[in-house]
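Chemist: The whole structure should be built from the sequences, with the hints applied where relevant.
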Amino acid sequence: MSVLIFAEAEKGTLKKVGFEVASYGRALADLRCEPLIAVTINTNNVDALAQYGVDQIVQIQDDSLDIFSAQRYAQVIAQVAQQKAAKLVVLSSTADGRYMAPLVSVILDAGYASNVVALPSATAPLEVKRSCFTNKAFSHTTLSGETNIIGLANNSFGLHEKPSQPVIETLELTLDPDPVQSTSVEKVTGKVAIADADIVISGGRGLKGPENWHLIEDLAETLGAATACSKPVSDMGWRPHSEHVGQTGKPVASNLYIAIGVSGAIQHLAGINASKVKVVINNDPEAPFFKAADYGVVGDAFKVVPELTEKLKAFKSQTH
Amino acid sequence: MKVLVCISNVPDTTSKINFVEGDTRFDTNGVQFIINPNDEFGLTRAIWLQQQQQAEVTVLTVGDASCEPILRKCLAIGAQKALRIDTTATDGFAVAQEIAAHCKETSYDLIITGRESIDYNGGMVGGILTGLLGVGFVTNCISLEIENGTATLAREIDGGKENLTAQLPLVIGAQKGLVEEDDLIIPNMRGIMQARQKPLNVLAAQKNTPKSQVSKFEKPQPKGPVKLVAEDQLDELINLLHNEAKVI
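These protein sequences, in sequence, are chains H and Y. Just so we're aligned, residue 446 is where the first sequence starts under the numbering used here, counting upward by one. Just so we're aligned, residue 7 is where the second sequence starts under the numbering used here, counting upward by one.
Just so you know, these hints were derived from the structure itself, not from any lab. A hint or two may mislead.
[As the list claims (entries may be wrong)] Subject to a maximum C-alpha distance of 20 Å in a straight line, what follows is the list of computed SDA-like cross-link-like pairs (lysine to any residue):
1. Y/K22 <-> H/K761
2. Y/K229 <-> H/S601
3. H/K636 <-> Y/G166
4. H/K574 <-> Y/I23
5. Y/K229 <-> H/F583
6. Y/K222 <-> H/V562
7. H/K721 <-> Y/N249
8. Y/K167 <-> H/G682
9. H/K748 <-> Y/E237
10. Y/K229 <-> H/L620
11. Y/K8 <-> Y/G155
12. H/K761 <-> Y/N245
13. Y/K233 <-> H/N700
14. Y/K222 <-> H/L564
15. Y/K222 <-> H/I711
16. H/K748 <-> Y/I244
17. Y/K22 <-> H/A710
18. Y/K233 <-> H/F735
19. H/K758 <-> Y/A251
20. Y/K225 <-> H/S566
21. Y/K252 <-> H/Q763
22. H/K574 <-> Y/Q227
23. H/K736 <-> H/I711
24. Y/K233 <-> H/G682
25. H/K461 <-> Y/I163
26. H/K632 <-> Y/T171
27. H/K756 <-> Y/I163
28. H/K761 <-> Y/E74
[Stated by the list, open to error] What the simulated footprint calls covered on chain H by chain Y, stretch by stretch (three residues with Cβ under 8 Å from a Cβ of chain Y suffice, anywhere in the stretch; the number is not a length):
29. 624 to 631
30. 716 to 725
Here a beta-carbon is modelled for each residue, glycine too, at the ideal position from N, C-alpha and C.
Modeler: Below, the structure is given as structure tokens:
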């Protein structure tokens, strides 16, 4: 028996979520006194997993997997789980992770819980805590499959180093084709993706128009942050839909979320609630966001934000 | 072309979330139920396929009779028929098994689910249904065109989008972007009257095997009060974020 994780990579390099999933997998394997096995696909720096307590790495190298395919990646993970007698599989909550997980669960006839935010409170039967009602509540869910899959919520467990000396093996698998073919990938270059960002700067209607978005972008650039917006802003076409965060938009689970001119509708707050530290800048002291935030500035965004950006530039140049 | 849209009955997005019976059950008292927003984006896209490509649109939900008002709403929006599989929706696996059993009897060219429901946020039904039916699947779907049995699609990925193609039959997980908020169809009086005449059939449940069970719900810990920083004391805000919150 073993615990299996899929360590996700982008262009051959492990992603931060890969290390978070490894950290969680290590703690889970310790709870169950089982080895932790990681599977990687076309990844160059698998050695980096040694920092996070992985006992064994199954390295899959297959040119036909250079382009992500949910069904083929799911087959890889399921076949490795079967070969390694893994009864617990941990996947991330990235777009790809959430796409694959239910497909893996069908192949393995496994139970699956997404958005898991902590280590299981019991291992037999397996009970996990997951967020639901778009971060407005948690549920304690018992998984009753013979094999079970945990989808770990992004940025919920953190990175925990625990050096190990993993055994690395390569494996060749036979995979069925995916009926869905990727034709191209369009990524915005030079911008931090909301899903990967430690810091997210979000703007609302209080910014009065798209021409003022340089305030958000300058602050984001200073902090190496992703930019986001509220639903009305994307509905009015001031910003692209891909920046809309909230209940029907993208979920945010960053370390720091700064909301500027966002009033804090319940749907918006739900979508960003998994962020660790929330800051609000708004000229209306009655804005609901102040009840959800950790830090707040009541003031005019057009005055506060440029000044904050300047001060942060000075702060950054001192500390780095 | 036959299109099935799977609908989840969920609390309105502004609902206060409370639990009863020792935190084991969602408190529906005073809660208004709506079509799951992700499903509604999918339904709207399906209605366009009906208007432009003569698709036949069926909506389906798995649940008890309390789910019927939203099915009637789907009929008023324009779906031709509605089906309710009569069982309590336990988990995503059981729901997907019920839908799969129906789809094996009545084949569809396109099956639309939401990328996830806004209540349990499982994000499972579309993928599991796909696995059980052995067809193609695209979730977080933000664009869909169908021509001569071939679908051209886009899905939202972290930091961008991916373009894809697939042959029908196909399952997609819909979300905002597939249609826009402004495109959602508000039923008019004629639609509402017609919906009363359209078929809403109740199907008996098959044997399903849930693989998870909620034992208890929990609400997040109440937050402490916000720490306010004066607008002329921004150095203090930086200090707090650096030394207290340790996030910059």
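Chemist: Just to be careful, I want the Cα atoms of Y/K233 and H/N700 compared with a cutoff of 20 Å; is the pair within it?
Modeler: Holds, because 17 Å separates the two Cα atoms, which is no more than 20 Å.
Chemist: Holds or violated: H/K758 and Y/A251, Cα atoms, limit 20 Å.
Modeler: 19 Å, holds
Chemist: Would you mind confirming whether the straight-line C-alpha gap from Y/K225 to H/S566 stays at or under 20 Å?
Modeler: Holds, at about 17 Å.
Chemist: For the pair supplied as a hint, Y/K229 and H/L620, confirm whether the alpha-carbon distance does not exceed 20 Å.
Modeler: 49 Å, violated
Chemist: Going straight from one Cα to the other, do H/K461 and Y/I163 come out at no more than 20 Å?
Modeler: Roughly 16 Å separates the two Cα atoms, so the pair holds.
Chemist: Against the 20 Å threshold, does the CA-CA distance of Y/K167 and H/G682 hold or violate the hint?
Modeler: 18 Å, holds
Chemist: H/K632 and Y/T171: Cα distance at most 20 Å?
Modeler: 18 Å, holds
Chemist: Quickly compare the C-alpha distance for Y/K233 and H/G682 to 20 Å and report which way the hint goes.
Modeler: Given pair Y/K233, H/G682 is violated - Cα atoms ~33 Å apart, limit 20 Å.
Chemist: Is the hinted pair Y/K22 and H/A710 satisfied, with a Cα-Cα distance of at most 20 Å?
Modeler: Holds, at roughly 13 Å.
Chemist: Can you tell me if the region 716 to 725 of chain H counts as covered by chain Y, using C-beta to C-beta distances under 8 Å and a minimum of three residues?
Modeler: Holds: 5 residues of the region 716 to 725 of chain H have a Cβ under 8 Å from chain Y.
Chemist: Decide if the proposed pair is consistent with the structure: H/K636 and Y/G166, CA atoms, cutoff 20 Å inclusive.
Modeler: This hinted pair holds, its Cα atoms lying about 10 Å apart.
Chemist: Between Y/K252 and H/Q763, does the CA-CA distance stay at or below 20 Å?
Modeler: 16 Å, holds
Hint check: violations occur at hints 1, 10, 15, 24, 27 and 28; the rest are consistent with the structure.
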